[in-house]
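Protein chains: 2
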Amino acid sequence: MTTAAREERPASAGRERLHAAALRLFAEHGVSGTSLQMIADEVGVTKAAVYHHYKTKDELVVGVIDPFLDRVAGIVERAHARRGWRAQAEAALSGLVDLIVDVRRLYVVAVTDPVAVHLQEQHPRLRVVAGELRGLLAGPDADDERRIDVAFFLAGLVGPLGDPQTFHVPDEDLRAHLLDLGRRFLLGRRR
Amino acid sequence: MTTAAREERPASAGRERLHAAALRLFAEHGVSGTSLQMIADEVGVTKAAVYHHYKTKDELVVGVIDPFLDRVAGIVERAHARRGWRAQAEAALSGLVDLIVDVRRLYVVAVTDPVAVHLQEQHPRLRVVAGELRGLLAGPDADDERRIDVAFFLAGLVGPLGDPQTFHVPDEDLRAHLLDLGRRFLLGRRR
DNA sequence: GTCTATAATGCGATAGAC
DNA sequence: GTCTATCGCATTATAGAC
Numbered sequence: 008m009t010t011a012a013r014e015e016r017p018a019s020a021g022r023e024r025l026h027a028a029a030l031r032l033f034a035e036h037g038v039s040g041t042s043l044q045m046i047a048d049e050v051g052v053t054k055a056a057v058y059h060h061y062k063t064k065d066e067l068v069v070g071v072i073d074p075f076l077d078r079v080a081g082i083v084e085r086a087h088a089r090r091g092w093r094a095q096a097e098a099a100l101s102g103l104v105d106l107i108v109d110v111r112r113l114y115v116v117a118v119t120d121p122v123a124v125h126l127q128e129q130h131p132r133l134r135v136v137a138g139e140l141r142g143l144l145a146g147p148d149a150d151d152e153r154r155i156d157v158a159f160f161l162a163g164l165v166g167p168l169g170d171p172q173t174f175h176v177p178d179e180d181l182r183a184h185l186l187d188l189g190r191r192f193l194l195g196r197r198r
Numbered sequence: 008m009t010t011a012a013r014e015e016r017p018a019s020a021g022r023e024r025l026h027a028a029a030l031r032l033f034a035e036h037g038v039s040g041t042s043l044q045m046i047a048d049e050v051g052v053t054k055a056a057v058y059h060h061y062k063t064k065d066e067l068v069v070g071v072i073d074p075f076l077d078r079v080a081g082i083v084e085r086a087h088a089r090r091g092w093r094a095q096a097e098a099a100l101s102g103l104v105d106l107i108v109d110v111r112r113l114y115v116v117a118v119t120d121p122v123a124v125h126l127q128e129q130h131p132r133l134r135v136v137a138g139e140l141r142g143l144l145a146g147p148d149a150d151d152e153r154r155i156d157v158a159f160f161l162a163g164l165v166g167p168l169g170d171p172q173t174f175h176v177p178d179e180d181l182r183a184h185l186l187d188l189g190r191r192f193l194l195g196r197r198r
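First to last, the sequence lines map onto chains C and W.
Add 7 to the 1-based position in the first sequence for our numbering, that's all there is to it.
Add 7 to the 1-based position in the second sequence for our numbering, that's all there is to it.
Simulated from the structure, these hints should not be mistaken for laboratory data.
Where a beta carbon is used, it is the ideal one built from N, C-alpha and C, also for glycine.
Treat the hints with care, as some may be off.
Distance windows between CB atoms, simulated [what the hints assert, rightly or not]:
1. W:R191 x C:G21: 31 to 39 Å
2. C:G91 x W:H60: 19 to 27 Å
3. C:H130 x W:R31: 43 to 51 Å
4. C:R134 x W:P147: 24 to 32 Å
5. W:P147 x C:G91: 21 to 29 Å
6. W:E49 x C:Q129: 36 to 44 Å
7. W:R31 x C:A56: 36 to 44 Å
8. C:P177 x W:R22: 42 to 50 Å
9. C:R89 x W:E35: 47 to 55 Å
10. C:R153 x W:T53: 43 to 51 Å
11. C:R89 x W:T53: 57 to 65 Å
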């Protein structure tokens, strides 16, 4: 299966604006702290209009996060196509850095928000993708310490993304620095 | 002023149980996703009993987080007493690692939860402490890249704490590894 | 300190017109 | 696709008895 995981949604222009508004609010107030009324106001419509796009709030959250996870799945797929764990890890790392710099807030919400995390635990595919990504970065024979390093790295990426102190850094600079940081931290000469 | 910042609360046994229950739920569902009813049920009392301890939900959240911030303030204070930024950074780092391994979930909530973050932004003292800690770790003449590293490090600490994959690691092992990791990453020491 | 009871508000979600 | 209007329910918070 070489095709990208799935593309269920036509992603109409209206839906895109809905996703963007919801994500902005999710990042600032959290998913639980964001009501459908707030989202509707941000878009400039009523709650009922939002419900035309998604039957429940949970489905809206999934709709916001899903495109991100599709891209993560694509990264994992391309990394698996490489040969040797080092080349795989390098591909996973650079793909991941490219992605999160591109979507910034989406990564923060998907990784840290409790509601988003719980929803991902329910959908088995999404859990599998995250597990494979960790496996690619950790390498074939990872022990507890190595797993701590990977968990540390993936969580650390949200720091520069969420912090307003470093939010002004241009995409290119941030991408270059995070990639270098990841190489040193995860791919550097080890034992 | 060498005394610890403040100790307003007598911290009665009842309050301690309230804090522990609230923190457990905050970590799992987020602050917004945790109702006072859930907290009351967890403790085994009614909502009204909770309201006897705190007038509002926000005050309860502050009550849970405040002891943590007092300890961070203490770390900053002791680090400032050292001479030379390297000794200061070392003191701040080791103090911080000790603290977060001790309180684990509290660090995750205080750093990542939107409600907790917003509440800290309102109380100026708490913002100052966090800023000073970052300054201690970043060093005297920090540029954007160095600030990214510090933001990365502080955010990265939540990874091993929140991840169930690495949650079973004993305190001593986790503390030793995070301290070593921090020294390598921020202080540039070889193992 | 804890309880019952309740007020006031906002929430997610639905029905049906346009 | 968007609207108005509404239902049922959970929420924060308060009042007052024990």
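For each hint, the structure was consulted:
1. W:R191 x C:G21: 31 to 39 Å: violated (49 Å)
2. C:G91 x W:H60: 19 to 27 Å: violated (58 Å)
3. C:H130 x W:R31: 43 to 51 Å: Roughly 25 Å apart at Cβ, these two residues miss the hinted range, so it is violated.
4. C:R134 x W:P147: 24 to 32 Å: violated (44 Å)
5. W:P147 x C:G91: 21 to 29 Å: violated (42 Å)
6. W:E49 x C:Q129: 36 to 44 Å: violated (23 Å)
7. W:R31 x C:A56: 36 to 44 Å: About 38 Å separates the Cβ atoms of R31 of chain W and A56 of chain C, which means 36 to 44 Å holds.
8. C:P177 x W:R22: 42 to 50 Å: The hint (42 to 50 Å, Cβ to Cβ) holds, given that P177 of chain C and R22 of chain W are roughly 47 Å apart.
9. C:R89 x W:E35: 47 to 55 Å: Violated - the Cβ-Cβ distance for R89 of chain C and E35 of chain W, about 37 Å, lies outside 47 to 55 Å.
10. C:R153 x W:T53: 43 to 51 Å: holds (47 Å)
11. C:R89 x W:T53: 57 to 65 Å: holds (59 Å)
Comparing the model with each earlier hint shows violations of hints 1, 2, 3, 4, 5, 6 and 9; every other hint is respected.
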